[in-house]
Structures are given as C-alpha cells and as structure tokens.
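Chains as they are written, first to last, in my numbering: chain E, 1 to 188; chain A, 189 to 376.
Rather than coming from a laboratory, the hints here were simulated on the basis of the structure. Keep in mind the model is a prediction, meaning the values are calculated, not measured. All residues carry an ideal CB built from backbone N, CA and C; glycine is no exception. Each hint should be verified, as a subset may be incorrect.
[Said to hold, decoys possible] Here are the computed distance ranges between Cβ atoms for each label pair:
(1) A:K339 x E:Q16: 42 to 48 Å
(2) A:K339 x E:V77: 28 to 34 Å
(3) A:K335 x E:R64: 21 to 27 Å
[Claimed, not checked] Covered by chain A, per the in silico footprint, the following chain E stretches (three or more residues, Cβ under 8 Å):
(4) 20-33
(5) 42-50
(6) 99-109
(7) 115-125
There are 2 protein chains.
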Amino acid sequence: MTTTILNKLNGVDVDQLVGTINAIKDNPEIARFNFRAHNEWVDGGHSRTEIQGFYGATSEDISRLEPFVLEGDEPPVLLGENHGPNAVEVILHALASCLAVGFIYNAAAQGITVECLEFDIEGELDLHGFLGLSEDVRPGYDNIEIKYRVKADAPREKLVELCNYVQKTSPVLDMLRNPLPVSVSLVD
Amino acid sequence: MTTTILNKLNGVDVDQLVGTINAIKDNPEIARFNFRAHNEWVDGGHSRTEIQGFYGATSEDISRLEPFVLEGDEPPVLLGENHGPNAVEVILHALASCLAVGFIYNAAAQGITVECLEFDIEGELDLHGFLGLSEDVRPGYDNIEIKYRVKADAPREKLVELCNYVQKTSPVLDMLRNPLPVSVSLVD
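Based on the provided sequences and hints, a complete structural model is requested.
Next up, the structure:
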C-alpha cells in the first residue's frame, strides 16, 4: 500500500513549489514563460479579451479547455456603458492579485499559515493626460496606494519582512515601478 | 416637438466627448479621478477582486449597481487551479483594452469610422525573478509586444499617426513604460 500525503499550506502544494525551484536550478529554460492575450473591440469603449494558452516550463500549456473572457469598458461619465471595469481599474486588480499570490506562496515556503489576506488599493489619475490637454500631466496614475491586512501565525515583524520580500519579487509591481519596453506595431 | 440627434461615431457620443473636454478646460477639477479595488485571498493562488465605486468629475460615481468581480489564479504548472487568468496575463488585458478605448475615442474625435480593431499581445517572463533565484532577472516581463489590426475609413498613414498619438496618451502604456510610485503598507 502506498500512502501519499500532500504537503499543502495555504492551499499551496509546498512539495511542488520546492520541486519547481529545484527543477529550474537544474534547467534554467524551465523558467521561461510567454503569456498572451487577444483583444477585439466591440463598440464604443467596450472591448473583449480572450486569454487561454501560454508557453512555459518548456512546453505549450493545455490546461485551459476554454479561454478566460474579460470585458473592458468605461463608465457612463467616461462615455462607456459599464460592460466591464476600465483599463486602469484592471491594473489595480492585477497588482493586488499578484501581491496575493506572492504573499501566499512565500508564506507557504516559510511555513507560515495565513488565515486571511486582503488588499485595498487605489490610484489617482488626472484626465488631462489621456485627453491630451496637458503635456505636463502623465496619462496614468500619479501614484498607487495599497493597504493590506493579514492574519497569520507569525509576528508582525515577520509579516512586514515577508511583505517587503514580496514587493521585491512581484512581477506586476516591478512592471509598474520600473520602466518596461513595450513595442507596438500595425500589422497589415 | 424637439428632435435630438445623437452624434455617435464608433459607438462614442462625440458631443459628450467634446463637452467633457470643454468642461475640463473650464474646471480642471473635473479631470481628477480616484479608482479603487478590493481584493481578498481565497485559497492557494486564487484571489478575488471587487471593483465598483470611484470618484471622478467632482463626485462619487453611482452608475454601477453591482461590483465587477474578477478572479485571479495561476495555472497548475504555476501551482494554481485556473480559477482565473494570472496577474501578468491581466496586465496584457489592461493594456489592450486601454489602447482600444484610446484608439476608438480619438478616431471618433477625428471623424474616422472604425470597422474593426483587434490586438494580439504577448509578454516574455523569466521566473528566476519571481522565485528569487536571481537578482539579475527582473520579476516582470522583459518586454511586451503588441500587434494590432485595424480597418477604418482612413489611409494607413493616418492610422499609424493615430496609433502613435494613442501611445502617447494611453494611461496603462504610460504606467508600464514609465516608473510609477506605488506605496504599500500593512494596516493593523
């Protein structure tokens, strides 16, 4: 008889996490990922994005049988019809969910049990930039402020330290805090 | 009898667009927006974001009767269960939907009728950064590549010019290409 005990903490398979890290140390190629999205404009401010396949861990992922469908739109005050959150609101979601994953995975790796974790996040934006009314105002947020609450079996000091580490390694936070090359081309 | 003819192009109310721009010229305060999101961790890589209210155009918006609910998760190869796209995939959606809005609104303002508009977008990421295995590898994408296709009643030259203008004024593109201050604090 074989008994398998899953070593899970915070819903994270810690053995798989350690296994992945070791596999990457043996073969750095495993760490290379290519993510993709396809967006089609619907009407007015409304567009729709499909996200399904990606390349990673040396092969094309086939775990998603259907694409995720995300609606983007503006509220009426910004000339839309609320078919979905707008693009800058989606940025807040991306950032929060990135920090959540980072916090939970790293807590699991350190043996910290998390009971609850939540984020309140906001961004200030001045429309002068988007509307081309001022060269001095950036189109994006002036700043983003994140407040998080966590209950876990570790002293506050340890949680702050973990939060600082998560900030250093968060993909989305990195892309916001630091410049990222983005190329845009019109295909015939 | 009063007859109202809506001046719509690409689904955009051009009169409202011009009216908004003029209102902001008269009162710059109208341009100030504050967007928000609340995220709660569910389990493992899975978290859930609610987006509803925001402040803008000098008042609190009440147009959304229910919050938008966005799921974030990782695929199994990244220790999740595919309850939603992951955070870096969501960034691609935010960027594409931002460019779509910018392109459509500005086309409408210039009297260009758009028949279709779509984006293919991808990003390359090396997990060494997220996993803390290398200080030399950034956690986020190395780069993002966007290809777009558009059919519209304007010469290609004009569409390329429009695309360049949209890049200059896109809030999400600005936040990715240029550094953004993000503050993170643990609330008791």
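Structure-based check of all given hints:
no., hint, in the structure
1, A:K339 x E:Q16: 42 to 48 Å, "holds (46 Å)"
2, A:K339 x E:V77: 28 to 34 Å, "holds (29 Å)"
3, A:K335 x E:R64: 21 to 27 Å, "holds (22 Å)"
4, 20-33, "holds (count 9)"
5, 42-50, "holds (count 6)"
6, 99-109, "holds (count 7)"
7, 115-125, "holds (count 10)"
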